[in-house]
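There are 2 protein chains.
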Amino acid sequence: MKFCSECAHPVELMVPAGDNRPRYVCVHCETIHYQNPKMVIGSIPVWECDGELQVLLCKRAIEPRYGYWTLPAGFMENNETTADAARRETEEEAGANIELGDLFALLNVAHVHQVHMFYLATLRDLDFAPGEESLDVQMFREREIPWDELAFPTIRTTLEFFFADRARMRAGGGYGFHTQDITRPMRVDS
Amino acid sequence: MKFCSECAHPVELMVPAGDNRPRYVCVHCETIHYQNPKMVIGSIPVWECDGELQVLLCKRAIEPRYGYWTLPAGFMENNETTADAARRETEEEAGANIELGDLFALLNVAHVHQVHMFYLATLRDLDFAPGEESLDVQMFREREIPWDELAFPTIRTTLEFFFADRARMRAGGGYGFHTQDITRPMRVDS
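Sequence order for the protein chains is A and B.
Numbered per the UniProt record's numbering, the first sequence spans residues 1 to 190.
Numbered per the UniProt record's numbering, the second sequence spans residues 1 to 190.
Chain A extracted, bound-state conformation (with noise of 0.2 Å):
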């Protein structure tokens, strides 16, 4: 930020009186630009057939991590809740019809200013097809899923919350909700 978005008067970076980190502050219209974290919001769309359990994942066509596979998800827009910018990203990315469930996982990855959640959902068919953001949609089973393709360390800590309680509803279990803080670069290939 090097301009005042209200008067185009260059920014300062500057600690206001009161407040206690610097701000990109407005010396002539007294603007003070509050820059917080983002919320990158998806689902987990599941088909279960005959005992089978198989998860959707879109392969990006965008950068970053261009051609990695992801959960769909994307930033949260004003004007929506939580619920339905997982809606809109598993529509948009995946072109996925979904019954949304119950929020699943809140991942802080704090060094990137973000907080990402995954919420349960239901495929309601399997008539998907790839939005402008996925070069492809396809559908994983467990041993199937390309642990080592995966876009963000989020999806993969997701994903892992999700098998340990699909093990754990053998023994009469149910979804949980999780959280955990992701500290590594979120483009590190693991």
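Honestly, I wouldn't trust all of these hints.
The list makes no distinction among identical chains, and a pair is therefore deemed to hold if it is satisfied within one copy or across any two copies.
Claimed, not checked - Below are the DSS-like pairs computed for lysine-lysine, each with C-alpha atoms no more than 30 Å apart in a straight line:
(1) K2 <-> K59
(2) K38 <-> K59
(3) K38 <-> K2
The hints are simulated quantities; they were obtained by calculation from the structure and are not laboratory data.
In this text the structure is predicted, and so the values were computed from the model without any measurement.
Once you have looked at the hints, place chain B on chain A.
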């Protein structure tokens, strides 16, 4: 937003190519200025003695809702996690020394572009004091909660969830994780 924060050229509200909603766009340097929801994070600090539980509330010294009671909470900052934000706000607004527990509630307030989250928290001592944004900090038993003088619907909803879980705990339950959409205006007296 009137001017580009990168080059000071006037921005235009338009739907960028490949997008489906209006954004502030700089036709000079081609920067798209996205605007996204913000997170407000806080805690429910409690003190339990002889089986009687009290909750800490702060009386707001700032607008909106000056003079009304709130759980300690505020805007999440860059470079911190949601838990970091809950601890920081509790320290800043109430000078309270807490042990943070699990995330307890996530409330969507879409019409003001906010998501509010509250963590469970246990006070380590009763050595608290109002910060710059609080007129007063007090402990309240359930029957003493000033329901008609609470600052925001998300505070009321979070406290309702909290005491409902407490009531169920007498029958052997634990604290859950709760989500809700708030569609009432933030400043309505309720």
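In rising order, the numbers of the hints this structure does not comply with:
Checked against the structure, the only hint that fails is number 1, while the rest are satisfied.
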